[in-house]
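K.L.:
Chains as they are written, first to last, in my numbering: chain U, 2 to 224; chain R, 2 to 224; chain D, 2 to 224; chain L, 2 to 224; chain C, 2 to 224; chain A, 2 to 224.
Take the hints with a grain of salt, since some may be wrong.
One copy or two, either will do: identical chains are not told apart, so a pair holds if it fits within one copy or between any two.
To be verified - Quick list of in silico lysine to aspartate or glutamate cross-link-like pairs, EDC-like style, CA-CA up to 16 Å:
(1) Lys-198 - Asp-13
(2) Lys-141 - Asp-208
(3) Lys-196 - Asp-211
(4) Lys-218 - Glu-30
(5) Lys-184 - Asp-13
(6) Lys-184 - Glu-30
(7) Lys-219 - Asp-181
(8) Lys-35 - Asp-208
(9) Lys-184 - Glu-18
(10) Lys-141 - Asp-211
I should point out that these hints are in silico values taken from the structure, not numbers from a laboratory. This one's a predicted model, so the numbers in the text were calculated from it and none came from an experiment.
6 protein chains.
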Amino acid sequence: MNVVVQNIQRADPEIAEGLGRCGVATVHEAQGRKGLMAAYMRPIYNGTSLGASAVTILAPPCDNWMLHAAIEQVQAGDILVLAVTSPSDAGYFGDLLATSLQAHGGVGLIIDAGVRDIRDLTEMKCPVWSKAVHAQGTVKETLGSVNVPVVCAGAQVNPGDVIVADDDGVCVVRREQASDVLKKAQARMANEEEKRKRFTSGELGLDIYDMRARLAKKGLKYV
Amino acid sequence: MNVVVQNIQRADPEIAEGLGRCGVATVHEAQGRKGLMAAYMRPIYNGTSLGASAVTILAPPCDNWMLHAAIEQVQAGDILVLAVTSPSDAGYFGDLLATSLQAHGGVGLIIDAGVRDIRDLTEMKCPVWSKAVHAQGTVKETLGSVNVPVVCAGAQVNPGDVIVADDDGVCVVRREQASDVLKKAQARMANEEEKRKRFTSGELGLDIYDMRARLAKKGLKYV
Amino acid sequence: MNVVVQNIQRADPEIAEGLGRCGVATVHEAQGRKGLMAAYMRPIYNGTSLGASAVTILAPPCDNWMLHAAIEQVQAGDILVLAVTSPSDAGYFGDLLATSLQAHGGVGLIIDAGVRDIRDLTEMKCPVWSKAVHAQGTVKETLGSVNVPVVCAGAQVNPGDVIVADDDGVCVVRREQASDVLKKAQARMANEEEKRKRFTSGELGLDIYDMRARLAKKGLKYV
Amino acid sequence: MNVVVQNIQRADPEIAEGLGRCGVATVHEAQGRKGLMAAYMRPIYNGTSLGASAVTILAPPCDNWMLHAAIEQVQAGDILVLAVTSPSDAGYFGDLLATSLQAHGGVGLIIDAGVRDIRDLTEMKCPVWSKAVHAQGTVKETLGSVNVPVVCAGAQVNPGDVIVADDDGVCVVRREQASDVLKKAQARMANEEEKRKRFTSGELGLDIYDMRARLAKKGLKYV
Amino acid sequence: MNVVVQNIQRADPEIAEGLGRCGVATVHEAQGRKGLMAAYMRPIYNGTSLGASAVTILAPPCDNWMLHAAIEQVQAGDILVLAVTSPSDAGYFGDLLATSLQAHGGVGLIIDAGVRDIRDLTEMKCPVWSKAVHAQGTVKETLGSVNVPVVCAGAQVNPGDVIVADDDGVCVVRREQASDVLKKAQARMANEEEKRKRFTSGELGLDIYDMRARLAKKGLKYV
Amino acid sequence: MNVVVQNIQRADPEIAEGLGRCGVATVHEAQGRKGLMAAYMRPIYNGTSLGASAVTILAPPCDNWMLHAAIEQVQAGDILVLAVTSPSDAGYFGDLLATSLQAHGGVGLIIDAGVRDIRDLTEMKCPVWSKAVHAQGTVKETLGSVNVPVVCAGAQVNPGDVIVADDDGVCVVRREQASDVLKKAQARMANEEEKRKRFTSGELGLDIYDMRARLAKKGLKYV
């Protein structure tokens, strides 16, 4: 059955944005190394770092009809997450849909498929993480769903989950855990700051993390 | 038999350049969604958009001999299109060949293989769309052909066809249809401009394209 | 047996840097087309060209423990080369390890796996050539070795070999042959400079390389 | 947190086996085209068709420790489903583990990674659907979990869900929906049987499915 | 525009079958090494060798509607060749369509996409060369064309061209050239038979093909 | 410089064959998990298990000239190992070369490229492990070398090294270490036999390998 779920719970925007500031690698570690999308998900341009609540889309291959239905559900600060029912590298999203998305306050798109008009999207500052860039158009023939749980690039995403995305990839944080993960991520950042100073001064990880005895015990020989 | 066809008909340069200004996604739609090369064809640097007549090359794997024969056939405004008889990611084309190509007025290269010296090519403003970047050199041992029909990255290209290429990929327009496709592409652009205004104002695709009734008829449920 | 070899012979820094200035494509040709890594090894940002002595690492998949052991072995001007015992696209290296590497004079990393924090690495000017970019973290559980011969992206690398890397990829030069290869590479560059002038003036490769008779003999027909 | 969930609900074995007899393509259609794993999941030998309840495993890359923990949880008729936290093609499972699995009544393995000893597994009639075949061994260093929800080859699998697998691939049916899906799948099979007779007699799909008017309306021209 | 071309010229069945008996590798050589599809096109089962006239299909991704229109055009001895407008690995063809195809005398399918029910197809002796095996179903929503020129797996195929397929892959022979290519292929086979005897007796290719002088001239050293 | 090294040291045939009987997975473990070729190296037919001394070939892409030079160097019991200087999936080796190879006592081929005539090779019982199957022919234009060290599918192979190959892949054992590795491999097999009995009787790996305490210490929770 194909549905558009209209009322979803979103993450607290401050928490989502806080996670975005921590970055994907830190958030991924902080929540126990889960929720990371596959390495093939790459930004169309570098330099963006964001955290936002997901409006999810389950779409057929080469068919972007549901993107239109999804944009109606977008609130300020949301990000679209599109998963496909079968692989496709067609260009589901271009400058017109980006214009529409931004007009409703949407901040970007995560898509396990292709995107086009990337020069325009770059100029519009509409960030997209995608599997492909391709001019191939799509049709509007087959239904999908909006705001249902999806598997996007190997990660389960529920509507309202927090998406964290930057130059290193895309990570999903369960909405219910977002506050807790943010605290852990911020603690990691503080801890990393301290470590960075020690590394800058020339201290070795072997000493900072006290690895020498464990390496020797495992049998590492220095020759 | 290996041939160099010396007299080919080219597209009208104004039409070719006009198509280049429309861009790949628009041209691909305007001609009924055909002629698009595979998504793995990527520019070595972003920001170029062009339309040009094709001088085609059918080359053996890891052998760039025919590129030299092809450059002799290049006229001002032409673009080289190189297809291979068996897959290769070797670097067929570098700064010396680019210098030669530009000296004869060639505007770039589409290659279903690899390219090298990309830093020089970028500085020289010699755009290339390729399957790979690799320093691997090639030999000059086996003949191919110049200005014969080829299949490049999944698209049939005849000599003199118009190549449209930008950050979204590469599309081929038959020379005989170029004028007609240009008109349709320009009409699409005008139409898109109008739609962009409506999207900017917040109107939804669901309403602009009158989709609500059709979605309901197909069975989409709002919950 | 897992070892860290502490005393390796390095290439002469002037020779290594000289090779870096020649660039990958030229060096690869100059040494008889060997030592090139696979085309999937790409820089995380464009514009760097370097030559440096390799400190090699053989690491388990998804385990970056040996990077810490390797950094202790780094001297000013060295580059790390990490090969894996089984494929992985996890992010073995990020901003903290880069800080540590730079504190010890290391100039970069070649890794047949993934890397993360690429925005930070770009700002720090810490160049990396990798198979993947991914936020996926690694563990510190299984030993590997440092400064043993490795196969990285299809190329054999011995400790102290010269790594040449730029936007076209990565090439390895045996330490023992580095001086000889440098001379040949510089000769090629001088020769190319002369050719560039002839190409710029419009001369064709067909004439510069005297190819017409050989093409005719092989059977190429002009029609 | 790493857990082994010991008491899971399983699907009714008769329902699971019934789904297995319907086959992957039919079951996938019957449940509305969802739950299908990616096309890269292939059987190590052809000819098996099964339906079984899933004991799920979330494992680190190149680390098969959790397989041992999982086999203790296996009951007669169960199938193991192993998902990884980062991609790996190492051989997690070979003839010894297969012996252990069969000794506890397990019927096979679905693994988003590699498998080895495939000649032995074939002789033992221990079917495996995997992403790779590789002799590469694994370690036992890092924890994962058993009987937690996982994403395997792009499909969400909960412990106790029904796995249907045959030469066409692997499909997951939610335990709660298995009875309902079985009815629909059996109805499809009956319907297909009738269609098969009509096709055998030479009737065309165009007529059996009454497609001619719709094709004409969409604009298909016969020339 | 979407069309079904109803009257196409076919190759002489004896010539097509004769080409099938020569096999793909021989035919490919005999026609000057052209017309070969990409290496990813693999048979669903080994041991078939055929030559047949092509009924071509251009189909949208994940949409098998045109297969039904194509089967109406099939005559005894024809083979279907399906190309896609955008990549797909969905299963376009299964046992019901195979039943229909065989009822009309069709001998198999070449498809640059996926296929399913491969156990049934194997039992029915309905050979298929495909890019993928996948249970993923398709829709019947978007038009394509039948009996138009297509590019399938990198090779141009015109309706009525001869398809030669065996365990080594798939090759296309232009209908107009089929008779000539058959003669050349048969000559090659006779020649190979003679060579096989010489190789069996222990003679070396170095001597049979008189390579020693040329190797020496090129600079090969025996040490 | 291109050379054919004529006198190489081979491994003791009994040791090589003994390693073949142990199989790839066991040998790979026995020598400390090194020497394994990439997972993409697959047999053209299942069921062969062998150990043999390597005659190595370094060949250009799409050029099989050196295979002829190599076969002259083959002695009874040798296996050919072909590495390429740039990737290729062309069919370097078919039934004529196989006839020649067998006439000189060669037992098979390991090739980091393509092979053709696989139906004939299967009937001739000439096993090949390859990256691809493709009818694409090769040329005889460019020199390579015979019996030099090569990197094949990610593994370093020296002439005379032992190649172990079976349905799980291909592993290389240094000639100098072959005797020692054989002993370790045989010890592993004896040990595995004992373990197999315990697994067959229903004992768990958790107990056989005494894992419970270590799992608990690492933090695994049973719930």
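K.L.:
Indicate, hint by hint, whether the structure satisfies it.
P.N.:
Status of each hint after checking the structure:
In this assembly of identical chains, Lys-198 and Asp-13 lie within 16 Å of each other by CA distance neither inside one copy nor across copies; the values are 33 Å within and 32 Å between. Taking identical chains as interchangeable, the C-alpha atoms of Lys-141 and Asp-208 lie at most 16 Å apart only when they sit on different chains, with a minimum of 14 Å there against 59 Å within one chain. In this assembly of identical chains, the alpha carbons of Lys-196 and Asp-211 lie at most 16 Å apart only when taken from the same copy (13 Å versus 38 Å across copies). In this assembly of identical chains, the alpha carbons of Lys-218 and Glu-30 never lie at most 16 Å apart, being 27 Å within a copy and 21 Å across copies at closest.
When the C-alpha separation of Lys-184 and Asp-13 is checked against a cutoff of 16 Å, the pair qualifies only within one copy, where the shortest distance is 14 Å, while the shortest distance between copies is 43 Å. In the homo-oligomer, the alpha carbons of Lys-184 and Glu-30 lie at most 16 Å apart inside one protomer (12 Å), although the nearest pairing across protomers, at 43 Å, exceeds that limit. Within a single copy, Lys-219 and Asp-181 get their C-alpha atoms no closer than 35 Å, and across copies no closer than 23 Å, so neither meets the 16 Å cut-off. Proximity of Lys-35 and Asp-208 under a CA criterion of 16 Å is satisfied in neither setting, with 28 Å inside one chain copy and 30 Å between copies.
In the homo-oligomer, the alpha carbons of Lys-184 and Glu-18 lie at most 16 Å apart inside one protomer (13 Å), although the nearest pairing across protomers, at 46 Å, exceeds that limit. Within a single copy, Lys-141 and Asp-211 get their C-alpha atoms only as close as 59 Å, which misses the 16 Å cut-off; across copies the closest is 12 Å, which meets it.
This entry does not satisfy hints 1, 4, 7, 8, going by the numbered hints stated previously.
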